[in-house]
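Undergrad: For reference, the chains in residue letters:
2 protein chains.
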Amino acid sequence: MEKEEFNLEILEKIIQEKNVNALRELFESIALIDIAEVADRIDDPKELLFIFKTVKSETTAEFFSYLTPEVQEKLVRVFTDKDLMTLIASSYTDDIADFLMDMPANLVERILNITDKQTREVVNRLLNYKENTAGSIMTTEYVTLKNSATVEEALAAIRKIGREAETVYTNFVIDEKRNLVGTVALDDLIFSEPKQLLTDIMVTDFITVEVNTDQEEVAQDFKRYNLDAMPVLNADHRLVGIVTVDDIIDVIEQEVSEDMAKMAAVSPLEDSYIKSSVWALAKKCIPWLIILLVLGVGASIVLNIFEHSLSTLPILAAFLPILMDGGGNSGNQTTVLVTRSLALKEITPKDFLKVIWKELRVSLIVSAFVGLFAFGWVLFEFGTGILGYDELIGLSGWSWFAQAGLVASLVAITLAGAIILSKTIGAVLPLGAKAAGLDPAVVASPLLTTIVDVCALLLYFFLSAQVFNLI
Amino acid sequence: MEKEEFNLEILEKIIQEKNVNALRELFESIALIDIAEVADRIDDPKELLFIFKTVKSETTAEFFSYLTPEVQEKLVRVFTDKDLMTLIASSYTDDIADFLMDMPANLVERILNITDKQTREVVNRLLNYKENTAGSIMTTEYVTLKNSATVEEALAAIRKIGREAETVYTNFVIDEKRNLVGTVALDDLIFSEPKQLLTDIMVTDFITVEVNTDQEEVAQDFKRYNLDAMPVLNADHRLVGIVTVDDIIDVIEQEVSEDMAKMAAVSPLEDSYIKSSVWALAKKCIPWLIILLVLGVGASIVLNIFEHSLSTLPILAAFLPILMDGGGNSGNQTTVLVTRSLALKEITPKDFLKVIWKELRVSLIVSAFVGLFAFGWVLFEFGTGILGYDELIGLSGWSWFAQAGLVASLVAITLAGAIILSKTIGAVLPLGAKAAGLDPAVVASPLLTTIVDVCALLLYFFLSAQVFNLI
Numbered sequence: 001m002e003k004e005e006f007n008l009e010i011l012e013k014i015i016q017e018k019n020v021n022a023l024r025e026l027f028e029s030i031a032l033i034d035i036a037e038v039a040d041r042i043d044d045p046k047e048l049l050f051i052f053k054t055v056k057s058e059t060t061a062e063f064f065s066y067l068t069p070e071v072q073e074k075l076v077r078v079f080t081d082k083d084l085m086t087l088i089a090s091s092y093t094d095d096i097a098d099f100l101m102d103m104p105a106n107l108v109e110r111i112l113n114i115t116d117k118q119t120r121e122v123v124n125r126l127l128n129y130k131e132n133t134a135g136s137i138m139t140t141e142y143v144t145l146k147n148s149a150t151v152e153e154a155l156a157a158i159r160k161i162g163r164e165a166e167t168v169y170t171n172f173v174i175d176e177k178r179n180l181v182g183t184v185a186l187d188d189l190i191f192s193e194p195k196q197l198l199t200d201i202m203v204t205d206f207i208t209v210e211v212n213t214d215q216e217e218v219a220q221d222f223k224r225y226n227l228d229a230m231p232v233l234n235a236d237h238r239l240v241g242i243v244t245v246d247d248i249i250d251v252i253e254q255e256v257s258e259d260m261a262k263m264a265a266v267s268p269l270e271d272s273y274i275k276s277s278v279w280a281l282a283k284k285c286i287p288w289l290i291i292l293l294v295l296g297v298g299a300s301i302v303l304n305i306f307e308h309s310l311s312t313l314p315i316l317a318a319f320l321p322i323l324m325d326g327g328g329n330s331g332n333q334t335t336v337l338v339t340r341s342l343a344l345k346e347i348t349p350k351d352f353l354k355v356i357w358k359e360l361r362v363s364l365i366v367s368a369f370v371g372l373f374a375f376g377w378v379l380f381e382f383g384t385g386i387l388g389y390d391e392l393i394g395l396s397g398w399s400w401f402a403q404a405g406l407v408a409s410l411v412a413i414t415l416a417g418a419i420i421l422s423k424t425i426g427a428v429l430p431l432g433a434k435a436a437g438l439d440p441a442v443v444a445s446p447l448l449t450t451i452v453d454v455c456a457l458l459l460y461f462f463l464s465a466q467v468f469n470l471i
Numbered sequence: 001m002e003k004e005e006f007n008l009e010i011l012e013k014i015i016q017e018k019n020v021n022a023l024r025e026l027f028e029s030i031a032l033i034d035i036a037e038v039a040d041r042i043d044d045p046k047e048l049l050f051i052f053k054t055v056k057s058e059t060t061a062e063f064f065s066y067l068t069p070e071v072q073e074k075l076v077r078v079f080t081d082k083d084l085m086t087l088i089a090s091s092y093t094d095d096i097a098d099f100l101m102d103m104p105a106n107l108v109e110r111i112l113n114i115t116d117k118q119t120r121e122v123v124n125r126l127l128n129y130k131e132n133t134a135g136s137i138m139t140t141e142y143v144t145l146k147n148s149a150t151v152e153e154a155l156a157a158i159r160k161i162g163r164e165a166e167t168v169y170t171n172f173v174i175d176e177k178r179n180l181v182g183t184v185a186l187d188d189l190i191f192s193e194p195k196q197l198l199t200d201i202m203v204t205d206f207i208t209v210e211v212n213t214d215q216e217e218v219a220q221d222f223k224r225y226n227l228d229a230m231p232v233l234n235a236d237h238r239l240v241g242i243v244t245v246d247d248i249i250d251v252i253e254q255e256v257s258e259d260m261a262k263m264a265a266v267s268p269l270e271d272s273y274i275k276s277s278v279w280a281l282a283k284k285c286i287p288w289l290i291i292l293l294v295l296g297v298g299a300s301i302v303l304n305i306f307e308h309s310l311s312t313l314p315i316l317a318a319f320l321p322i323l324m325d326g327g328g329n330s331g332n333q334t335t336v337l338v339t340r341s342l343a344l345k346e347i348t349p350k351d352f353l354k355v356i357w358k359e360l361r362v363s364l365i366v367s368a369f370v371g372l373f374a375f376g377w378v379l380f381e382f383g384t385g386i387l388g389y390d391e392l393i394g395l396s397g398w399s400w401f402a403q404a405g406l407v408a409s410l411v412a413i414t415l416a417g418a419i420i421l422s423k424t425i426g427a428v429l430p431l432g433a434k435a436a437g438l439d440p441a442v443v444a445s446p447l448l449t450t451i452v453d454v455c456a457l458l459l460y461f462f463l464s465a466q467v468f469n470l471i
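Just so you know, the sequences run in chain order A and B. With the numbering used here applied, the first sequence covers 1 to 471. With the numbering used here applied, the second sequence covers 1 to 471.
Just so you know, the hints here were simulated from the structure itself, not pulled from any lab data. Bear in mind that the values here come from a model prediction, so they are computed numbers and not experimental data. Each hint should be verified, as a subset may be incorrect.
Because identical chains cannot be distinguished in the list, a pair is counted as satisfied if it fits within a single copy or across any two copies.
The list that follows gives simulated cross-link-like pairs (lysine-lysine, DSSO-like), each with its CA atoms no further than 27 angstroms apart [unchecked claim]:
| no. | residue 1 | residue 2 |
| --- | --- | --- |
| 1 | Lys-117 | Lys-160 |
| 2 | Lys-74 | Lys-18 |
| 3 | Lys-350 | Lys-223 |
| 4 | Lys-275 | Lys-46 |
Okay, chain A solo, but in the shape it has when bound (with noise of 0.2 angstroms):
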């Protein structure tokens, strides 16, 4: 069967029918990931169960570990003991953990308790290890070779204990104290010898983790040396397990996400935007708005402190916005590419000189062709009426445009110093942030509109005062 012919009727019909070799042949056409997902809808869990005992044993447990939270508890919560212990031996440490975390405390229980004390210890570790750590991520499922080993002993004990680890394609080389002194990736082993020694073929430049670094971290070697495992060492350098590429790319995706919503001012959700309840989005969104509006003090004290000058020529009110979101906009711009590049590794705060220069000779350029653009664009206004200036009723030709001009210049000059302004200021905040050891995500944009603000209306009130004598 084509993925695009399978829907929910179609696995109904078969559990409806008991359709054993219907249900068999299904999981050899389809990947699993679609089925869990038109499964997740299904409501019945005597319908789900029937899936879990006609399928083959080696599937079930990737199966399940791909089904939501909510279906994995509906199918606990039917199995017998029996059924747990098979599901249980045969899942992997560290989707075990993944789970368990998301069950309520009786069913954790329940299934700790059924679980063999070796497989207990693990799982009870792995849940230990703070979130977002390398330990947190790692599995303890790998294969160890001893650097006595030749490449065809290697072979065999992968064969013997390869099907229970997580992925035989790095492989981790011992000496007799188990500290770990070389990989070997298991193409390597195939292309060699039978009767070569480990310790010939074996990487010894390999890269390690601590289990309490950062998963950030760990995803930025896995890119830089094109990893696919990744040895994690506990605080005595011995190996406590590894963490595979797999778990790397969605690393990388949560980190991402979590780094968007920073930069939005929104903070971390903890589950992804569909799953989030609403309030836990509210709670997310309500902090920096409220933080946000208490900044805005600086820009509404400028503002009271030159109303005069807008009673006195009300014009100046109709390009607030424009100075404003220009003003944002553009340093926006600067902090968001600064800040991504940081993440990347591209550039450290030891680069402040260096990328402050090349904003300061970007925002020059920007501040040029924007400025002039909206000293046109102004006269525009005025000239077709869009906007209504009283100075300008009743003049024409170059008195008119002298009049417009000067309008127009003070918006220009403005916008052109607001940009050269907050890309500067963009540059800054997130390095300095990064050099302060804070999350330059988090403090760069909502710091930088606050500042931005301030600035652009100073300028704005104190450019109009010298022109027009407003003071």
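Starting from the structure of chain A, add chain B where the hints point.
TA: Just chain B, lined up with the frame of chain A:
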């Protein structure tokens, strides 16, 4: 040697002493990419050449691929034809294509001239696939196995031809007509009996892409199905290449950087931030700033029309920034969350009503909290004298509260209304863009601020006209 101790001086010293052994040892203990990063800073092409001539030939092609285009070019200019031939012969075709893209025309010609015909054809084809498609990132070095083979024949074939392949972890099974009929993982070969048939152990529900498929979709499939390699088919459904997981991590990073840039109103950069020239950056920043400036005309018109209100009740001006920023920020929160969720395919435009209903409820909660806070905050600003409001002079007790409370309510209600409106629009825009086949990241954020500014200002002046009888 530890990575931390390694630096440019050490490398220069080794080169100047022509210490062949020390260099070889370096390549044993430090990752290639780390050495390449230091070597990038060497100016003298002859010194670079010394590294190339000294280290093991298996290592040079990969090492070369990690160098910057500038250093690669420097090296190619001092290479003899024989050096070049060796390099090309040991490089993967996708690496050759990547490297040729950055070389000046005369060098490209020289390189293609000394490349054997077969490789040249492959490289030319790769260079011709449209950028950002599966074809442009695929490699042509992979292992195909016949569907009539046994496990032991397959392993023998892999041992023979696998060294040339970019991966042997996923191998491709074809029938006598060269149609792809299955994939077989190296570990499954290792775990199977030598006499078993490939057809018994191969995976038949494999996922494929077409050469013209966008790389972002390829990345989505890799994530969804936890792949480490994926077959690429041409229009005739024949296997023409494979994409491997290490290329996919780069794709994910690149797509994310593009999305972030777009959401910050920057056209996507062709290069990384740090490699982009000042002019290139300015060119990417200017267009959206000008578009936003033009779109800002809406807010300007509103302020122009209601300038009388500002003259009559100047205190209104003080709250313009927090109303516009508050509306923009809260809408941007929603836009970024929804756009990201669309990019991760957690939601599709079909979830329109579901998402709008969710955001409506979120916005009601957020607006209630932030509105209430704003009410108190404005009273605080008046009470402490942070903001001066002429009408309050001489008032105290209830009459003070009645007058100050009137402005505070006006600000609070406008802000609450702006939040509800902007969060709803913030959800509609990316979903609508996606449904219309446009890029949600490009369309949503810039349009949002423009629309929200106008709405927030209209609401503000409309309400204040009612409350204070301004018109």
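Undergrad: Taking the hints in turn, state whether each one holds.
TA: Verification of the supplied hints:
{"no.": "1", "hint": "Lys-117 x Lys-160", "verdict": "within (22 angstroms within a copy, 45 angstroms between copies)"}
{"no.": "2", "hint": "Lys-74 x Lys-18", "verdict": "within (20 angstroms within a copy, 69 angstroms between copies)"}
{"no.": "3", "hint": "Lys-350 x Lys-223", "verdict": "within (22 angstroms within a copy, 34 angstroms between copies)"}
{"no.": "4", "hint": "Lys-275 x Lys-46", "verdict": "within (25 angstroms within a copy, 58 angstroms between copies)"}
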